[in-house]
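Chemist: Sequence:
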Amino acid sequence: MSSITILHNPRCSKSRQTLALLEEKGIAPKIVDYLKSPLSVEEIKQLFTKLALPEVTDMMRTKEAEFKEAGLHRENVTDEEHFQAIANYPKLLERPIVINRNAAKIGRPPEAVLDIL
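Take the position in the sequence shown, starting the count at 1, then add 7; the result is the number in our numbering.
These aren't lab readings, by the way, just hints derived from the structure by calculation.
Be a bit skeptical, because a hint or two may be false.
Unchecked claim - Here are the simulated DSBU-like cross-link-like pairs (lysine-lysine), alpha carbons at most 30 Å apart as the crow flies: (1) 57 x 70; (2) 98 x 52; (3) 75 x 57; (4) 75 x 21; (5) 57 x 43; (6) 43 x 21; (7) 52 x 21; (8) 52 x 70; (9) 70 x 37; (10) 32 x 75; (11) 98 x 57; (12) 37 x 98; (13) 37 x 57; (14) 32 x 98; (15) 21 x 37; (16) 75 x 98; (17) 32 x 57; (18) 52 x 75; (19) 43 x 98; (20) 32 x 21; (21) 32 x 43; (22) 70 x 43; (23) 98 x 70; (24) 98 x 21; (25) 32 x 52; (26) 75 x 43.
The model shown is predicted, which means the values in this text are computed figures rather than measured ones.
Please work from the sequences and hints to get the whole structure.
Modeler: Shown next, in the form of structure tokens:
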């Protein structure tokens, strides 16, 4: 079984391209449709650590209506509030994300995930 997981949205072209790229490399990742099986706050925190991004918002789709709906457009929003918002609104999680053990990468562009394979 592969140690590689993709947080996938089949309706997203970048997500489909990233999955195809993995398959072209002979990788059969575990596919998680995170919109149907949302991550817990703890899983989101672990993912943030693996992504090694400077800000939680770097792993979020800040232009989605849910971002404003969750009150995240205001000043001084805490990381905890961001993590909770992603758990409450899975659509806010940037996609796709490929995870390989203790590292993760956002597939934008899809080739960015090759760094962790």
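Chemist: Next step is simple, just say for each hint if it's right about the structure.
Modeler: Now the hints, each set against the structure:
Distance restraint check for residue 57 and residue 70: the Cα-Cα separation of roughly 23 Å lies within the 30 Å cut-off, and the hinted pair is therefore satisfied. Distance check on the hinted pair: residue 98 and residue 52 sit about 16 Å apart at the alpha-carbon level, within 30 Å; holds. Under the criterion of a C-alpha separation no larger than 30 Å, the hint pairing residue 75 with residue 57 is consistent with the structure, at around 26 Å. Using a Cα cut-off of 30 Å, the hinted pair residue 75 and residue 21 holds, with the two alpha carbons roughly 24 Å apart.
With a C-alpha separation of about 22 Å, the suggested pairing of residue 57 with residue 43 holds against the 30 Å cut-off. For the given pair, residue 43 sits about 18 Å from residue 21 by alpha-carbon distance, which is consistent with the 30 Å threshold. About 23 Å separates the Cα atoms of residue 52 and residue 21, which keeps this hinted pair within 30 Å; it holds. A distance of roughly 21 Å separates the Cα atoms of residue 52 and residue 70; the hinted pair therefore holds under the 30 Å criterion.
For the hint linking residue 70 to residue 37, the alpha-carbon distance of about 28 Å falls within 30 Å, and the restraint holds. Straight-line distance between C-alpha atoms of residue 32 and residue 75 comes to about 38 Å, which puts the hinted pair past the 30 Å bound. For the hint pairing residue 98 with residue 57, the CA-to-CA distance comes to about 20 Å; that is within 30 Å, so the pair holds. For the proposed pair residue 37 and residue 98, the alpha carbon gap of about 20 Å is at most 30 Å, so the pair holds.
For a cut-off of 30 Å, the pair hint linking residue 37 to residue 57 stands: about 17 Å separates their Cα positions. Our distance criterion of 30 Å between C-alpha atoms is met by residue 32 and residue 98, whose separation comes to about 28 Å. A threshold of 30 Å between alpha carbons decides the hint, and for residue 21 with residue 37 the separation of about 17 Å falls inside it, so the pair holds. Of the pairs offered as hints, the one joining residue 75 and residue 98 holds, with about 13 Å between alpha carbons and a cut-off of 30 Å not exceeded.
At most 30 Å may separate the alpha-carbon atoms for a hinted pair to count; residue 32 and residue 57 meet this at roughly 22 Å. Proposed proximity of residue 52 and residue 75 is supported: the alpha carbons are some 21 Å apart, at most 30 Å. Taken as a hint, the residue 43 and residue 98 pair is honoured in the structure, with Cα atoms around 10 Å apart against an allowance of 30 Å. A C-alpha spacing of about 17 Å is found between residue 32 and residue 21, which places the hinted pair at or below 30 Å, so the restraint holds.
At most 30 Å may separate the alpha-carbon atoms for a hinted pair to count; residue 32 and residue 43 meet this at roughly 27 Å. With a CA separation close to 21 Å, the supplied pair residue 70 and residue 43 stays within the 30 Å bound. At most 30 Å may separate the alpha-carbon atoms for a hinted pair to count; residue 98 and residue 70 meet this at roughly 11 Å. Taking the CA atoms of residue 98 and residue 21, the gap is near 15 Å; set against the 30 Å cutoff, the hint holds.
Between residue 32 and residue 52, the direct Cα distance comes to roughly 29 Å. Compliance with the 30 Å bound is thereby established for this hinted pair. At most 30 Å may separate the alpha-carbon atoms for a hinted pair to count; residue 75 and residue 43 meet this at roughly 22 Å.
Against the hints set out earlier in the document, a violation occurs for number 10 only.
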